Amino acid sequence: MRLSPDDWIIWEYGFIKLNGTILMTWVLMIVLVVGSKLITRKLTTGILVTRWQCMLEIVVIGINKQIRDVGIERPEKYISFLGTLFLFIGIASLGNIIPGYESPTGSLSTTAALALSVFVAVPAFGIAELGLKGYLKSYLKPTIVMLPFNIISELSRTLALAIRLFGNMMSGTMILAILLAITPFFFPIVMQVLGLLTGMVQAYIFSILATVYIAAALRSGSEKKHPLEHKTIHHG
Amino acid sequence: MLIDWFTVIAQLINFIILIWLLKRFLYKPVLKALDDRENLIAQKIRDADTKMADADKALETYQEKNMTIERERMSMLNQAKEAAKTKHDELINEAKKESDRLRSTLRKSLAIEQQRLGGEIMNRAAAEVFAVARKTLKDLASIEVEEQMVALFIERLRNPDDKERAEMKQAFGSPREQVAVQSAFEISEGLQARIKDAIKESTGGEVQINFVFAPGLINGIELTVDGYKVSWNISAYLSDLETSVIETLRHNAVVIERDQKDQTGDKNGNQ
Chain A
1 MRLSPDDWII
11 WEYGFIKLNG
21 TILMTWVLMI
31 VLVVGSKLIT
41 RKLTTGILVT
51 RWQCMLEIVV
61 IGINKQIRDV
71 GIERPEKYIS
81 FLGTLFLFIG
91 IASLGNIIPG
101 YESPTGSLST
111 TAALALSVFV
121 AVPAFGIAEL
131 GLKGYLKSYL
141 KPTIVMLPFN
151 IISELSRTLA
161 LAIRLFGNMM
171 SGTMILAILL
181 AITPFFFPIV
191 MQVLGLLTGM
201 VQAYIFSILA
211 TVYIAAALRS
221 GSEKKHPLEH
231 KTIHHG
Chain B
237 MLIDWFTVIA
247 QLINFIILIW
257 LLKRFLYKPV
267 LKALDDRENL
277 IAQKIRDADT
287 KMADADKALE
297 TYQEKNMTIE
307 RERMSMLNQA
317 KEAAKTKHDE
327 LINEAKKESD
337 RLRSTLRKSL
347 AIEQQRLGGE
357 IMNRAAAEVF
367 AVARKTLKDL
377 ASIEVEEQMV
387 ALFIERLRNP
397 DDKERAEMKQ
407 AFGSPREQVA
417 VQSAFEISEG
427 LQARIKDAIK
437 ESTGGEVQIN
447 FVFAPGLING
457 IELTVDGYKV
467 SWNISAYLSD
477 LETSVIETLR
487 HNAVVIERDQ
497 KDQTGDKNGN
507 Q
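The listed protein sequences derive, respectively, from chains A and B. Counted the way this note's numbering counts, the first sequence spans residues 1 to 236. Counted the way this note's numbering counts, the second sequence spans residues 237 to 507.
Don't read these hints as lab results, they were simulated from the structure. Note that the structure is predicted; figures quoted are calculated from it, not measured. Heads up, some of the hints might be wrong.
[Stated by the list, open to error] Computed list of lysine-lysine pairs in DSBU-like fashion (alpha-carbon distance at most 35 Å, straight line): (1) LYS42(A) with LYS399(B); (2) LYS65(A) with LYS37(A); (3) LYS301(B) with LYS268(B); (4) LYS268(B) with LYS37(A); (5) LYS77(A) with LYS268(B); (6) LYS323(B) with LYS65(A); (7) LYS77(A) with LYS323(B); (8) LYS137(A) with LYS264(B); (9) LYS374(B) with LYS436(B); (10) LYS497(B) with LYS323(B); (11) LYS264(B) with LYS17(A); (12) LYS432(B) with LYS317(B); (13) LYS259(B) with LYS65(A); (14) LYS37(A) with LYS374(B); (15) LYS137(A) with LYS465(B); (16) LYS259(B) with LYS17(A); (17) LYS264(B) with LYS77(A); (18) LYS436(B) with LYS65(A); (19) LYS42(A) with LYS268(B); (20) LYS317(B) with LYS133(A); (21) LYS317(B) with LYS332(B); (22) LYS323(B) with LYS293(B); (23) LYS465(B) with LYS374(B); (24) LYS65(A) with LYS137(A); (25) LYS42(A) with LYS465(B); (26) LYS65(A) with LYS77(A); (27) LYS77(A) with LYS301(B); (28) LYS280(B) with LYS268(B); (29) LYS280(B) with LYS37(A); (30) LYS333(B) with LYS497(B); (31) LYS432(B) with LYS465(B); (32) LYS37(A) with LYS77(A); (33) LYS264(B) with LYS42(A).
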């Protein structure tokens, strides 16, 4: 039994290797890109739209709305990153219903990669919005004493993101394997259904947390622009 | 070791590529389509608003026009009614005048007819009465009516009233005067002698007398001398008859007129 699809080595050449995680990710990428391409190939801007386009629009509008609800004013700028996070994790979880499939998110390497991308994206978006100085100042809030805690928080939340997703995805696979050994046939199916739900919830949690982090990075700048806040900082 | 760093890096790259691909093939086109649709709908709503405003304006214009037309129609209708009423009154007046004229013409012609009829009746009646009287007298008393007529004439010559007597004397004063006795019938010798005698007796002198047969004189006998005239005819008898006949005719005329008036009244009432 494999704990992670990383252990499923298909091809190896010294340092470079092709394992199950990478293969499954490619499959997912192909499915996502080809599906999107097929649907968006004949997008119409009229009142009447195809069902597939309608579905795609619902997904995009839904993601957009979630981002805006968190407090980001221009979700279009961040939808590529946050939307892809959600779609990738969500589709990776949904794939579990296909026999022989192994979710790439069940590998700590994948979740770590996703968490790392969030870890990089949050300051990147913050700097893009506020400038380097403006962003770095947010680490000194509310006082300079908080600087180490802010840095620890930044690192720990990245680690938490990676571990949370990995734990949830891996546990699903693990529980399934154990239950198959103990009570075959019916019960594992119920657990798999539950696993699908957990997967979607995790996709939502992961991307909404990333959104909150980005929103927080952006907001620290906008708060600074407030005249009263500005005064307080000067006096402080 | 749960984390394989090569896989981590590979997945990072994969994820970045996926972000780029999805941005290229999913978010951009869909968001663009959404924006386009939004713009299209906004444009359509704007167009619809413009059209609605135009339509409202057009409607207002048409309503105004309609009202103007309605007002004109009403005024024209009123004018037409007025004109029709005037024309109606004119026609009625003309008809009344015409009817009055016709009525007066009818009345005149009726009067003329009445007069003509009266004269004719008089003539006919005189002739008839004379014929009847002659026949009756002859049949009942074997008396010639002419003879009796002459007798009456003589009686009148003999016993004139005072005024007549004076006039007669004055008329017969000149002996050269010719005395003419005209009659509608031939006077026999005997009767001529009796008339001569009577004149002689009245005037107390011989007179030359011309006896003239004048059929135009209706059943009478007449003596003329120097403008003076003594006559007897049956006109006195006929005057009663005439009066009676004229009365009857007048009565008929009144009835006819009343009937006409009733008919005119009915017509007016029906209108």
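| message | Just to be careful, I want the Cα atoms of LYS65(A) and LYS137(A) compared with a cutoff of 35 Å; is the pair within it? | response | holds (29 Å)
| Hinted pair LYS323(B) and LYS65(A), Cα distance within 35 Å | violated (83 Å)
| task | Given the hint that LYS42(A) pairs with LYS268(B), test it: the Cα-Cα distance must not exceed 35 Å. | result | holds (13 Å)
| message | For a C-alpha distance cap of 35 Å, please report whether LYS77(A) and LYS301(B) respect it. | response | Violated, at roughly 57 Å.
| message | Check the hint pairing LYS333(B) with LYS497(B) against an upper bound of 35 Å on the C-alpha distance. | response | Holds, at about 15 Å.
| Straight-line alpha-carbon gap LYS259(B) to LYS65(A), limit 35 Å | holds (17 Å)
| query | Holds or violated: LYS465(B) with LYS374(B), Cα cutoff 35 Å? | reply | holds (29 Å)
| said: LYS264(B) and LYS42(A) were given as a pair; does the straight-line alpha-carbon distance stay at or below 35 Å? | reply: holds (14 Å)
| message | LYS374(B) and LYS436(B) were given as a pair; does the straight-line alpha-carbon distance stay at or below 35 Å? | response | Holds - the C-alpha atoms of LYS436(B) and LYS374(B) are around 30 Å apart, at most 35 Å.
| said: Can you confirm whether the C-alpha distance between LYS77(A) and LYS268(B) stays at or below 35 Å? | reply: Holds, at roughly 13 Å.
| Given pair status - LYS77(A), LYS264(B), alpha carbons within 35 Å | At roughly 11 Å apart (the allowed maximum being 35 Å), LYS77(A) and LYS264(B) satisfy the hint.
| Pairwise hint evaluation, LYS77(A) against LYS37(A), where the allowed Cα distance is 35 Å at most | holds (21 Å)
Of the numbered hints listed earlier, those contradicted by the structure are 1, 3, 6, 7, 12, 14, 15, 18, 20, 22, 25 and 27.
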